[in-house]
Amino acid sequence: MHDALPLDIDGPVQAEIFVLWLDGDRLELTGPCGPEPWLVELGSGEHPLDTAARIARANLGSVRLLHSTSWRRDREAVILTFVAIIDAPPDAAMASAPVARADLARSQATAAPAEIGWRQVLEHGLRHLAWLAREDPAVRQELSPAWHEALAGYVPEPFRALA
Amino acid sequence: MQEPQPHLKASCACGWEAIGTEAEVVAAAQQHGRDAHNMDASAKQILPTLVPVDKGSLD
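In order, the protein sequence lines correspond to chains G and V. Counted from 1, the first sequence has number 147 at position 148 by numbering that gives the first Met the number 0; the numbering is strictly sequential. Counted from 1, the second sequence has number 57 at position 58 by numbering that gives the first Met the number 0; the numbering is strictly sequential.
In isolation and in its complexed conformation, chain G is listed as follows:
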């Protein structure tokens, strides 16, 4: 019993939310699980974006932007990645840490990368956000000048499969 595994989410399709906020000009990652991917189960009858939005609002309060940025095969499931942007600094109970840059996990012509770390997924998510900030009027309008500045260092890249 001492070797019991902790409770973990399950299901063929799961959501992974990266909660981001801007501390001055520094990008920070936070969330109910701290500065790590926040995993959410998706029921078979649920729309992934609706569920991610509902649970993000319930845990974070106001959410300025929520966008899907990639998908991949992991945890014996399809993982849909979302980036959530909040304005306010997180609740004191939610640990936060600066976002570090990472190299992308690149696919081969017809094969997925052998390994994909969550920091690479987040890097791609921010590049996707940088692309949206240029291409999508709703996102462009929603992001503050400070956010546009923070994303300026990310190479714009559209949605793609990471695996």
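Please keep in mind that the hints were generated in silico from the structure rather than gathered at the bench. Keep in mind it's a predicted model, so treat the numbers as computed, not measured. The beta-carbon is built from N, C-alpha and C at its ideal position, and this holds for glycine as well. Mixed in with the good hints there might be a few duds.
These stretches of chain G come out as covered by chain V in the derived footprint (C-beta under 8 angstroms, 3 or more residues) [claimed, not checked]:
1. 3 to 12
2. 27 to 35
3. 83 to 92
Covered by chain G, per the in silico footprint, the following chain V stretches (three or more residues, Cβ under 8 angstroms) [to be verified]:
4. 6 to 17
5. 40 to 52
Chain G is fixed; fit chain V onto it per the hints.
Structure of chain V alone, referenced to chain G:
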């Protein structure tokens, strides 16, 4: 006099933990699952994940 119930620890892969009686930690884990992970965990799923807590570690 009723015997004190042993304390158990429930934990989630995300780092969340709760310590209490079996009934308390099962209820807490179910609520955490629903609130934070959109997960409807049954007591049957949660019970094998519980770990006994030494009394000394609660002092």
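Comparing the hints with the structure gives:
{"no.": "1", "hint": "3 to 12", "in the structure": "holds (count 7)"}
{"no.": "2", "hint": "27 to 35", "in the structure": "holds (count 4)"}
{"no.": "3", "hint": "83 to 92", "in the structure": "violated (count 0)"}
{"no.": "4", "hint": "6 to 17", "in the structure": "holds (count 7)"}
{"no.": "5", "hint": "40 to 52", "in the structure": "holds (count 8)"}
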